[in-house]
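Let the hints inform the model, and build the full structure from the sequences given.
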Amino acid sequence: MHETFADEIEKLVGIRFIKQGRTLQGLDCLGIIIYALKQMGITPKTRDDYSLHGENYSEDLIRYINYSCDPVSDISESQRGDLIVFSAFFNGYPKHLGVIDVAGDSFIHTNEELGKCVREEMNENWQGLTHSIWRIKNG
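The sequence shown begins at 53 in the working numbering and counts up by one.
Please keep in mind that the hints were generated in silico from the structure rather than gathered at the bench. Heads up, the beta-carbon is just placed ideally off N, CA and C, and yes, glycines get one too. Careful, some of the hints might be misleading.
[Claimed, not checked] Label pairs and their in silico Cβ distance ranges:
#, residue 1, residue 2, range
1, ASN143, PRO123, 18 to 26 Å
2, ASP122, GLY167, 31 to 39 Å
3, GLU173, CYS121, 30 to 38 Å
What follows is the structure in structure tokens.
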């Protein structure tokens, strides 16, 4: 299941970024998660199913996928297909999601500045912004 999810995410590299996008016309950081899960036959809840709170936005995003996750204690323990949550620059609150591509080395996410879904190196900047890592449970 974990590898299948990661494979589905990898197929989305290059797809256009659209804020709150949920189709191949354009996706945002949550959109890539929802789209990949749908391709696997998992129907996540919709935005209307949750009252999103500003300070815990990404934690709510994880709940969004209607799937159970376990926390991963450190980037060195991460695996391909783990969800990675990043904090905002200005306040440290969870703000952005990605998916680990190569453990400790790279991840896939939507980059608003570049306007598309990309694979990026897990450099010092991104490591410093890492809020938490989550592993989707099998079953």
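Verification of the supplied hints:
| no. | hint | verdict |
| --- | --- | --- |
| 1 | ASN143 <-> PRO123: 18 to 26 Å | holds (21 Å) |
| 2 | ASP122 <-> GLY167: 31 to 39 Å | holds (33 Å) |
| 3 | GLU173 <-> CYS121: 30 to 38 Å | violated (24 Å) |
When each numbered hint is compared with the structure, a violation occurs for hint 3 only.
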